[in-house]
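Chains as they are written, first to last, in the working numbering: chain A, 1 to 108; chain B, 1 to 888.
Hints in this document: simulated from the structure, not taken from any laboratory. This one's a predicted model, so the numbers in the text were calculated from it and none came from an experiment. Certain hints may be false.
Covered by chain A, according to a simulated footprint, are these stretches of chain B (three or more residues, beta-carbon under 8 Å) [said to hold, decoys possible]:
#, segment
1, 34 to 40
2, 45 to 57
The calculated label-pair distances, taken between Cβ atoms and stated as ranges, are [unchecked claim]:
#, chain 1, residue 1, chain 2, residue 2, range
3, B, Ala90, A, Arg86, 20 to 28 Å
4, B, Arg45, A, Glu65, 42 to 50 Å
5, B, Gly459, A, Arg86, 45 to 53 Å
6, B, Trp50, A, His92, 34 to 42 Å
7, A, Arg39, B, Leu17, 53 to 61 Å
We put the beta carbon where it would ideally sit given N, CA and C, even for glycine.
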Amino acid sequence: MKGERLGEFEEFTLLAVRALGDNTYAVPIQQFVEEATARPISMGSIYAALARLEQKGFVRSAMSEALAQRGGKSKRVYTVTASGLRTARDLHRVRDRIWSAIAEGGRS
Amino acid sequence: VTREPRLPRHVRWLLRLTRVPRDRRGEVQDDLLELFTVRLGDRGRLRAHWRLYRDLASLSYRRLPSALQRDPRPRAAVLRDASGDLRYAARLFARQPAILLLAILGLSLGLAVSTAAFSIMNAAVLRGEGLREPGRAPGVLKASERFTSTEWRYGEFLQLRDGATRMQVEAVLTEGASVRTEAGDGPGPTTNLGFVSGGFFAATGGRVALGRVLDRADEQQLDSPPVVVSFVFWSTRLNRDPAVIGRPIRVGRTTATIVGVAERGFSLPNLRMVWMPMSAFGAVYNSERLDGRSNASVQVFGRLQPGVSLAEAEAQLSGVASTLPVDQAASGAGDSRLRAILDTDTGLGRTAGSARLAVAVFVFVVIGLVLLLACANVASVLVSTAITREREMGVRAALGASRWRIVRQLLTESLALGAIAAAIGLMLAYWALPTVGIMVEAPAAADIAPDVTVFAFLGLVTLLTGVGAGLAPAWHGRGADLVTPLKGEGAGRRLVAPRRLRSTLITMQAAVSVLLIVMATLFVRASVRAATIDVGFDSERLYAVSATLSGTGNDNGAGIRAFWARAIAELQSVPGVTAVALTELTPFGDVTKTSIAGDGRNRVVVHLNRTRAEYFETMGLRLMSGRIYTRDEVAAKAPVAVVSESLARAYWHGESPLGDALPEPIKLPALPAAAVRPVIVGVVADAIPARLNDHSAFAVYEPLDPSSEIFARLMIRVAPGTSGVIDDAVQRLRSIDARADVRVASVAAQLEQETSRPRMLATLTVVVGAIAVVLCVIGLYGLTASVVGQRTREMGVRVAMGAAPGDLLRLMMWDGLRPVAIGLAIGIGAALLASRVAVSSLLFGVSPQDPLAFGGAAAILLTSATLAVLVPTRRAAAVDAAGVLRQS
């Protein structure tokens, strides 16, 4: 870890970008996160999370080639970076370790 | 055709109110639209709208970073653009070398003048002489109830130094002496010397570039005294020899050893070139060594100890001063005790700030005017190219260049021009500076070579001029019209505005030129007047001697009277001395005594002087009528007076004033004898004894009261064709009293100094005025040539309609000269104002409304402007109508 932590919402967003495959954009991400969490997600929070992730170097964005959709306009597409992926995996591993500790304790 | 789906208009409008940066608004808008469309299908109209507004709201409380911030263009790209701009500018310049040369010529002249002027002002006013923390180094004034003086006796200084604990007290005695750097006989050039007390360098903060400074131990060094030379001395007289330490130089009558070279910029006080310990004073002038009983006057200053306030130090020093004996002879019996006044504005060559400010303001105004001209000139050249480049700008804009991108191209061009001009200007300034230094009579000790301040100034000014000149065409190119220039033909329609801009620039240039030419002519006439002004006597081979005696001075002036008596007797036996006279005031000395005569409206200055009878012979003033007062009358303090010719003419209107009393309106300071108004016994030729710009030769001479001899000075007239007489004479004077402080000044040198001020201003304004006219002519020529080129078609039509070449010529001439005529009127008005208000005190015997200056300026400007317009216009008038019309 580079000392940059992931908030819960940021983690969802990061994973959504990964799940949707690289070069996805804001609208599918919003829909994905909304469906996965089953709560209404505003576009503002998605943009903000993406901006923070990009600032931390976990995703990078670029303007896409013009596509046939959306009247041939280009849009900003996001890709998870290697360090983003590593951070998400580390987080996952920490959770796994904790859950397995809980399992060994036989409390669940 | 399906309509392209869009967000409702009010949503798009609301989006602008959110915190989404403008460059990402389109992106966000597309996202919102897509979501909205999807939701419209999935969840119905109401839900879709509800979620849309929620998203909008969420966008207004979260700040979205700008795409520009997150995605900066690589820095190299900006540089690549700049180098592209530069390459483009170079190609453009190469295509129009004439225009380029004109612009560079004008700008480099302007920059050279301002650099030179700034260098001199920098040396004279801004830089100072290297005093560290001047606020903590006050001058020490000697004061009692009756007088305040800047000078202390050397003995008094020693006691002050020993008694002071809250400040370091130091002294300096400034003198001149011949300094020779090579072995050999004969005197070297007279050089400014500073005899300093041991802690002088420590107290002023002076440092050395080589060797060491002088210190307290050097005061004991009697043989081969150590000297520190100034940086300028080292550069000009010692060729910057690095092995100069330890070298002997001949100073006055002794041989001294160089121990240090002061760092550049240190010349305290008043442009010293050589510093020696005070103890060397006797050896240099072959007189007795300075000690506690010496009467030599020194200037005292101090350096406050850390944490001590001015008031504390002053109180303590006054305590020491109050124990010193008061010089009764100088101040009159019964004066109070002495006290010391600390003043951070005096001492160490500091002059009143206002005098410096006046010069600084004048020079800055001149610099400003020249730069304005140069700027206007380059701007007008660039505007003329901008007109022809309208098509290019149109293409650039059509290809998507932002306005800033186009402006940047123009700015790059003018800054490149500016940089080339600055390099040339700097070379010109370097080359011209020694000449300018001689012209303005900068003292040999002044360091006028450009330093860091000057380079910084030049850089700043170049930047300002470049941006200023580049912005004019950019402003003209604002709101670039995309279509018209591309069509190629329409260019003519937009010509009006830039032509008006350029006409305004020409008007401004003409006004400034006239102003400068008028000033230059006035100053030249004044300096010619000053140089040829008949002061009424021959100042060559005339010297003024002042003497301060040693001794306590309690003899009521008997000592000095005896000294003068012996001096006169001795000097009369010196071969080559033709006349000697005591007088209260010497010509062009520092002190004048005047009386204002007449009522309020008709005030005239009357110079008063008290002299011995021999004064008139010594000065060479011709007796017009009557007689000079006799020696007996002088001795008896008889109430008689001699007046100058013009005074006699003014008050007696051609009648003889002999035997009349001096007219009442002429006030006399307390008469020596009873209040009897003196009777006029003679009339002598006019002489101008004090300030050249007084315009007054009214003078009243009275016999010198023997009790006033303590203030008297001795005038010596040396026979023509002799040499070394004055050195011999001074040697004799010093031999009368080895402890006396005898100083000699050449009256010719003082007169020279008096006339140098208008000459400096004349030189400066002549050069600047000439450059202004050249710039104006260049600008006018360029404007006319380009306007003529653009109006060829119109001319063709006019010729086809039956206009004669003469008609065309008249039309074009008037069009070209109109801005000049307007500028002329404005400039003359400004010059009238300026000459009345600002400079009349600097004009010697020239009326501020001198018709020659104003007429001459108008004639010069109109002639050169006519020529500048005529040449291109003649070409246009000879236009071939058929050819032109066929072309279009």
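| Does the hinted range 53 to 61 Å hold for A/Arg39 and B/Leu17 at CB? | violated (27 Å)
| query | the segment 34 to 40 of chain B covered by chain A? Criterion: 3 or more residues, Cβ-Cβ distance below 8 Å. | reply | holds (count 3)
| query | Is the distance from the Cβ of B/Arg45 to the Cβ of A/Glu65 consistent with 42 to 50 Å? | reply | violated (34 Å)
| Residues of the segment 45 to 57 of chain B with Cβ under 8 Å from chain A, three needed, outcome | It holds, with 4 qualifying residues against the three required.
| task | Take the C-beta atom of B/Trp50 and the C-beta atom of A/His92, compute their distance, and say whether it sits inside 34 to 42 Å. | result | holds (35 Å)
| message | Against the range 20 to 28 Å, how does the distance between the Cβ atoms of B/Ala90 and A/Arg86 compare: consistent or not? | response | Given a distance of about 51 Å, which is not inside 20 to 28 Å, the answer is violated.
| request: Could you say whether the range 45 to 53 Å given as a hint is met by the Cβ separation of B/Gly459 and A/Arg86? | output: holds (51 Å)
In terms of the numbered hints stated before, the structure departs from hints 3, 4 and 7, listed from lowest to highest.
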